[in-house]
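As they're listed, the protein sequences go chains U and R. Those letters in the first sequence? Residues 2 to 571, by this note's numbering. Those letters in the second sequence? Residues 65 to 457, by this note's numbering.
Since the hints were derived computationally from the structure, they do not count as laboratory data. Bear in mind the structure is a predicted one, so any value in this text is a computation, not a measurement. Any given hint could be a false lead.
[Unchecked claim] Here are the computed lysine-lysine pairs in the DSBU-like style, where the Cα-Cα straight-line distance is at most 30 Å:
1. U:K531 / U:K177
2. U:K177 / U:K220
3. R:K263 / U:K56
4. R:K163 / R:K204
5. U:K58 / R:K263
6. U:K213 / U:K246
7. U:K416 / R:K219
8. U:K203 / U:K111
9. R:K204 / R:K183
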Amino acid sequence: MEKEVMTFNTDSSMDIKAIPSELFHKKEENENLHDQAFETKPVSYLRGAMMRFAKNKASIVAAIIIALLALYAIIVPIVSPVMHLDATEHPNGFSDPNFMYALPYNPINKALNLGWWDGTEVENGCSAMDLEILELDDSNHSPLVENIETVNEQILPGQFITYYKLRVDSYAVGCKEINVSEAEYNKLVAYEKEQGIYRTDKSIMKPLVDYKSYLASYKEELIQKRDEGAALGVTGSLTDAMISKILDFMEGYYNQNQRIWYQLGSFESPTYVFDDNTYVIRHDDNGKPVPIYEMKDGNYVYERDNLGKITIRVDYYDYFIFHNGFEPRFFFGTNSSGQDLFSRLAVGTGFSLLIGIGISIINFIIGLIWGAISGYYGGTVDLIMERVTDIISCIPSIIILTICAIQFTGNAELKSTIGSGGVIILAFLIAFVYSGWVGTAGTTRMQFYRFKGQEYVLASRTLGAKDPRLIFRHILPNAAGTLTTSSVLMIPGVIFAESSLSFLGIVNFATSGLVSVGSLLNEGSGAGLKDNPHMLFFPSLVISLLMICFNLFGNGLRDAFNTTLRGSED
Amino acid sequence: MEQKQKKKDIELEETELPEKKPLDVSNASSDEMALESDRPFLERFRKGFVNFWRNKSTIDLLKYIGKRLLLMVFTFAVIFLICFILVRLLPLDPGQSMKDPAVFNEMMVAQGRYVKIIKEDGTADYQPMPVLMQLGNFFKNLFSGGDHPFGYSFKIEWLSSPADLLGSHLTPTVLMNIYVMIVSVPVGLALGIYMALRKNHWEDHVLNVLIMLVISVPSFVYAFVIQYLFGYVWQILPPLAASSSVNYFSPTYFRSIILPVMSMCFGSIAGYARYTRAELTEVLTSDFMLLARTKGLSRAQATVRHAFRNSLVPIFPMILGEFISILSGSMIIESIFNVNGVGGLYLRSINDRDYDVFQFVSMFYILIGLLGTIVVDVSYSIVDPRIRMGGGK
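Just chain R, same shape as in the assembly (with noise of 0.2 Å):
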């Protein structure tokens, strides 16, 4: 969805600037691709690069670059200063099953976040700051370099610094993403080309419903599925991620992990079937196409070399942006299938008001997601030279 909206602007852009672009590309530019297309591949490759570096559009685009970098960082303090002060006026109550509060609380002062009040009758007393101070105090700790800016949980693990805690839980989470990636991406896309090239047939209406499906059931629903079919009732996989005393890289927990990759798959592939089938029957009713075949490729060759290409734009970088976000795990399927990754570490600090953890993690996925969609708006220029982002009037 988001994709979308976002390919529309840039096609809005782009029939803003007639008189920079011509806009009739598809006749002009098909000559010189067929062309291009039956040269070696390194060649072209290097040409490219070369060409990309000393092209004018190429300090254009860089500029455009540190433009969206200067945003996001102005974007992320805003959104950090929101969340600091939020969570930081949350009612905390490390006294609540926690193993030494004095401890803690003790550290809290040293952090600058609470002020120890020493009463009449010697007892001590922790109050927390203002939070106005406890911002200035946590950027005082920052920029000094003092051990633990960010922190202690208290739950989770006693006094680790989240951004270990963090650390050590994403090992499994980029794991299971990439190999989620490794089987979705071109599952998804052929099955996209395969329902394009058979449009209208049964094939791709089965798929289509199929496809319709997938996307609207809510991914827990089939992991539920998926668990109980394979994991209790036939008995052919582990229903839980093994535990993270297992070596992430050994078959054992490879096997474990097979359940939740493929509850995550159907998601993907559906996406990248979807959104592949829409891009290329549009690329495959363009004038070009016609001229391809006129020339004397094959319906195979016209596709590959043509079609799919072009078709490729829009889709490269929704990959691109998905493999930004495999930093981020899926809460959902990581606390259905028990995977110790950075969704459930991020739930798990909710559930157990493990603020620090929490806040941490949250920015983390802030941060991930304002990066993801520079990216993807980056790379729709490097893809497609036609498209120049952030160009003005």
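Next up, chain U with everything else stripped away, as it sits in the complex (with noise of 0.2 Å):
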């Protein structure tokens, strides 16, 4: 009703005698007529900017992601398992090289089995005996998942050649031999005992192989193959360097693929000619692999000494477990050296925050400084320090990155001070703040100009305030909006910078034990885009979603302190 009133009584185009009688009523003697005091509070600079920025949406939904970015850069170091392993054993941080390249695991996916994102990988035109290596393989975790598709294909007319579509398990790496202490395996199996596992088909440790005395034998069935082949007069390729040859990969091949429990051949031809590279599986009469494990008086023979160690051969997958105390499944995989992505993300992740807003509060506050002095003096003051921004920013930092890289690196004292990641951080923090601040200064310098000639900074004067106190109490407040804004503006291109010139290889992160979302990339280009492309992929997103959240949380800020923009939305 009130409301109604107001509106008639602000219009003034309104015929006061169409003003419907029961809106009146008659004033009370003893009443008073007073303006109502406000009821709502005043709303302060810093108040009203927080309501413009609440009101945007993006900008909110900006500020979330930034903070989970962040929350995921310190939570994860301190709770992930990777972190905390043995440092003697660890001394780079955590790393596995039989799991490297390993592709990225989410167990949600896992267990909806989506077929992507489930460490698992799709290998095309795989020939008959990869899929027998893969079907034979005697670990508890089968590498094969599903054999998806069989293709014949036709080579010549009447020949064909079968390819198989494997989806093989990139965590199911097999059985490996190790080297273990005495305590370590004594410890091992009281563990299986303990689970009942002990010496039986899911047991951890697995009978050895022995393929030296295998090898052996062959040799002489090679020597009789190529005597035979000589007393036929068929010239194969059998020679004594042809047989060694044979022998010496056979032997690489075992030692690089430890599940292989049973004999290889060379593959031969009906005319004694022999491929050293090509490798079958050799059947026994009913067609099954004919096992070489190792055989004392008719048993498996599980561990051999070797220098006050023992060698055992494990399912390595559960040795994992067993070892380290936690599944060997990383949600984004792993890099060459078998280092979990997830927490190098997340520490490369909280690198770049640290250097991204570390050095723009430090270029904040030099700019500030230096653009209050130009600005304030003016004059030949200001026009020595703008000739000096000049060069300055002439100068691309990477030439200033590049100089401090190498000068740095090159100094074994200055080394040995601060250490090999002490030196990378110098030089980001003199190649960045070298010249980072200068766009500050601007900003500074012309809020300065704006506001030193006005009335309020002449009647401080007038009163006896020092320059200080006129820089400090009377114009800085006054610019203080607009320059957070271009200082919040700054982190992304920091981070921006930091990433793109460690991507490039301009600083080396090799050796140093620090990690940036740069240095990730750098990485993953190295580890080729086609063939892991997960080394890539998560760092760019984490970089992309860093750059795009703070340039929305900036623009929220700018329009937020903005505050010609009071009211144009309501």
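Dock chain one against chain two, each of which comes alone in its own frame, and use the hints as you go.
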């Protein structure tokens, strides 16, 4: 009701006589007429900015994402079991070459059987032998997930080659021969007994493979074959040199593929032509592979003495769980040396954020002081200071960074005092601080030019205020809004510059123990985009999110602090 | 960002000179402009050209250019000095994986950069000269026309001159950047115009979001995406640029640099579109647009003849600035796609510690940057005579 009256009163074109009479009431005798006090609280500058910011949905979302990324960077290194392993065993953080280039594994996708992001990989063009090797794997975890497709390809009329399209679990690395101390061995035996899997099918320790004695007997066989061929007058490829070559290569193959527990033979044609690089699985009369496990008195041998250590052959996946206490499943996969990308990316994100924010703060302070002096004093001081910033901003920071990086890494004394990680941080610090403050200085200078001639400054000066007081108490607070937003927009700039320079490899992170998103990208592009896209995908995602969110957040702040927009959206 | 800053500066200057130029130009000149635009283009151009050279302000402009060039020489000299000293102070270790250190050291001695010391046991030891003496020797070499005044490359190409190296790497970079410009300028401007005309419609909002994404996301991220999808997954185009042995103008080479050009285009297009949209929306609400419509022009005519031309005032210098920078390649894109360009050369010179090449290419980049700013500033006053660069108070 009251509102209606108000609108009638404010509308001057309204015919007073047309106002309905029931809206009027008679003034009581003792009634006081006065303006009503504001029921709402006055909105301060900061509060208004907050309100305007809160209305900007995109900025809010961006701020939340930044917070989540920061949480990721803080929490993962604390919580992740990968970060809390024995430092003597993993001096440069966790790495396990057996799990190199493991693919990203997401338990949810695995449970839903979606076929992607579950640590499996589709391999095209596998031969029958590849398939058989995977099928014959004697570990507890079969590497073969499914045989997707069998392709019969006709290469010549009537001649077919069979290919398989297989889905392979990149975590089922099979059995590995490892050397352990006696204490470790006893612990493992105790663990197996406790689990009730000691010397069973599911045991961690598997029988050792004795390929050396097999190769010795195979050598006899080859020599015999050579003599047979010579007797028949067939000139095959089997010479003495060829035999030793075949055996050398086969020994290397057995060494590398420790999941093989059966006899392999060199590929041979009926005419005694042998191939030193192609092997076939040898089958017995029943079509079964011939095992070459090490036997002693009719029993499998599980351990071998090796210079005071014990050599055992273990299912590596299960051994890893026993040894490290967590399952070797990596959310973002691993890199070339088997380091967990999920925790490394968290550390890298933290590093990039810290560098971005830290350097921005330093730049902001330097720029503020420089711009304040230059803008406040003006005249010759301004002219000289402007020329200095001109020259400084003309030298790209990449030159300074390169020079710093080379100079510092070559300086053994400096390296020993602050460590090789410190050297990198120092190089970044100098390169980005060197010209990064120029932008802030320019903005501050403009703001000072704007405010220094205003009456309130004059008033304060008349009352005897000194320059520092005028600068810091009067002019600066007025310019604070503009300056803050410009400094927030500086953060993504620094993060971008840092990541692209370390991506290009201008700063070498390799031996420093430091990780940044850029260095992860560098690693990823070194590993090849074609073969290991996961190593590039996740760092790219994080850096993109960081850049987008900081820009949105900064723009939101700018709009929020811009008082001319006050009330424009209402 | 930089461009915008510059524009702001110019605006400031404009407002500082109320007595020299009419502040409210839009109304007064829109009549003339409306008439001007009805004349044949060539005649107008000829007249404008003649007027341009007769005008007193042209002489002012020439003076301004001269002043800027002088300043540039001074700035360049200072930067050169700083870089020269910093680079020459770097620990030079030519011994590592160098073909023949003795030959290189002798050349350094001949250039006055090293001192040869014969030790007691007869072996030669080479020590670097003090940097300021090296500087003196460098200028002596440069002005006396000695061979290889800019030093030698010892890693990238054994004992070749950095200038030759740069020259041989320029073609792919320039070629790539020209392709990028050919694609991105029309597309970017067209997108910007479209967005400005459809302002606050859903098309505008969608494009705005897309442009924000493209500008925020680092270029190497979409370079990876493009390379992975087109090059490896779908295998439509070669994922890497062809080697330098292929003729740069052959179709093979062109095909192989489509992907890098594509990845460079995204950022460019987004930049142009955003800028054009901002300028055009501002111009579209001007009073002279109303006048043009009142006069009977259709919306399309008014937009093309009046609004777009005026909005080009800040956009044209931006394009010009980009045109200057076609000489300097993008290091990131060139390294991802293995393009044998200037950016790649620069990166290699850094990673191989090939200092002379590094210094030469750095100076080249700085020179281009300085020239670019001058050209941009000068072009403002050529495009729009109302703007008088460097005008005093």
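Taking the hints in turn, this is what the structure says about them:
| no. | hint | verdict |
| --- | --- | --- |
| 1 | U:K531 / U:K177 | 28 Å, holds |
| 2 | U:K177 / U:K220 | 25 Å, holds |
| 3 | R:K263 / U:K56 | 21 Å, holds |
| 4 | R:K163 / R:K204 | 28 Å, holds |
| 5 | U:K58 / R:K263 | 20 Å, holds |
| 6 | U:K213 / U:K246 | 15 Å, holds |
| 7 | U:K416 / R:K219 | 26 Å, holds |
| 8 | U:K203 / U:K111 | 22 Å, holds |
| 9 | R:K204 / R:K183 | 29 Å, holds |
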